[in-house]
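2 protein chains.
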Amino acid sequence: MMKKGMIKVSVLYPNGDDKSFDMDYYCQKHVPLVAKLLGDAVKGATVEKGLGGATPDTPAPYAAMGNIYFKSIKEYEKAFGPNTEEIMGDIPNFTDIIPVIQVSKVEM
Amino acid sequence: MMKKGMIKVSVLYPNGDDKSFDMDYYCQKHVPLVAKLLGDAVKGATVEKGLGGATPDTPAPYAAMGNIYFKSIKEYEKAFGPNTEEIMGDIPNFTDIIPVIQVSKVEM
Chain C
34 MMKKGMIKVS VLYPNGDDKS FDMDYYCQKH VPLVAKLLGD AVKGATVEKG
84 LGGATPDTPA PYAAMGNIYF KSIKEYEKAF GPNTEEIMGD IPNFTDIIPV
134 IQVSKVEM
Chain R
34 MMKKGMIKVS VLYPNGDDKS FDMDYYCQKH VPLVAKLLGD AVKGATVEKG
84 LGGATPDTPA PYAAMGNIYF KSIKEYEKAF GPNTEEIMGD IPNFTDIIPV
134 IQVSKVEM
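Chains as they are written, first to last, in the numbering used here: chain C, 34 to 141; chain R, 34 to 141.
Derived by calculation from the structure, the hints in this document are not laboratory data.
Don't take each hint at face value.
The list makes no distinction among identical chains, and a pair is therefore deemed to hold if it is satisfied within one copy or across any two copies.
What the hints assert, rightly or not - Heads up, simulated SDA-like pairs for lysine to any residue below, C-alpha to C-alpha not over 20 Å straight-line:
| id | residue 1 | residue 2 |
| --- | --- | --- |
| 1 | Lys-138 | Pro-89 |
| 2 | Lys-107 | Val-139 |
| 3 | Lys-37 | Ala-78 |
| 4 | Lys-36 | Val-75 |
| 5 | Lys-76 | Glu-140 |
| 6 | Lys-107 | Gly-86 |
| 7 | Lys-36 | Met-141 |
| 8 | Lys-82 | Val-64 |
| 9 | Lys-76 | Val-139 |
| 10 | Lys-62 | Glu-118 |
Just so you know, these numbers come straight off a predicted model, no measurement behind them.
Just chain C, same shape as in the assembly (with noise of 0.2 Å):
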């Protein structure tokens, strides 16, 4: 797992009835330019499919999961600030949810 203190920023998908996500695209298209336009700050990066909530016949509440490792804020601001608007762009490529983020610090 990423050692303790990284930054981990996960962009999450909520669930819809309406809503489509290409799981896909993101694997193979997305994430792939996202790592190339970030480079050396990306430390890794992760993918999860929502499959349910709490019980199995609950849905999951987000349809998707990406994270990506960075060693410290400063390096994930400095790789993603120049390239938001092409990371962002791609967005409508293979989904209409709009996604919630979160920056959050490894603890273990």
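Chain R: place on chain C using the hints.
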């Protein structure tokens, strides 16, 4: 990172002005308790503390996120089922937040 196809169970603690979360207790007592109870079914665990939202001046959607990895849904349910009460019963010891649960499949 975790292998594609694994199950990730995320416990997300929504932020709130009047809410509290004891990260020390969570990392030092709660996660070890869960790991002990669930035993070999646990393939990994991570914890993150929320720092911010999409921009640095916005609050993090979640005060904390805990994630446990399993080989399969079956292994997760088998391990968690008989321990649900003891695990849930420990939550008031570190927070007054009612967590949101998401079960996901690792895609990358």
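For each hint, the structure was consulted:
1. In this assembly of identical chains, Lys-138 and Pro-89 lie within 20 Å of each other by CA distance solely across copies; the values are 13 Å between and 30 Å within a copy.
2. Only within a single protomer do Lys-107 and Val-139 lie at most 20 Å apart by alpha-carbon distance; the minimum there is 15 Å, versus 28 Å between protomers.
3. In this assembly of identical chains, Lys-37 and Ala-78 lie within 20 Å of each other by CA distance both inside one copy and across copies; the values are 16 Å within and 12 Å between.
4. For the identical chains of this complex, Lys-36 and Val-75 are neighbours both inside a copy (13 Å) and across copies (19 Å), given an alpha-carbon limit of 20 Å.
5. With identical chains, the CA atoms of Lys-76 and Glu-140 are at most 20 Å apart both within one copy (16 Å) and between copies (18 Å).
6. Taking CA atoms no more than 20 Å apart as the test, Lys-107 paired with Gly-86 passes between copies only; the shortest distance there is 15 Å, against 34 Å inside one copy.
7. Proximity of Lys-36 to Met-141 under the C-alpha cut-off of 20 Å is found in both arrangements, the shortest distances being 7 Å within a copy and 19 Å between copies.
8. For a Cα distance limit of 20 Å, the shortest separation of Lys-82 from Val-64 inside one copy, 14 Å, qualifies, whereas the shortest one across copies, 24 Å, does not.
9. Taking the shortest Cα distances, Lys-76 and Val-139 sit within 20 Å of each other both inside one copy (13 Å) and across copies (18 Å).
10. In this assembly of identical chains, Lys-62 and Glu-118 lie within 20 Å of each other by CA distance solely inside one copy; the values are 16 Å within and 42 Å between copies.
Taken one by one, the earlier hints all hold for this structure without exception.
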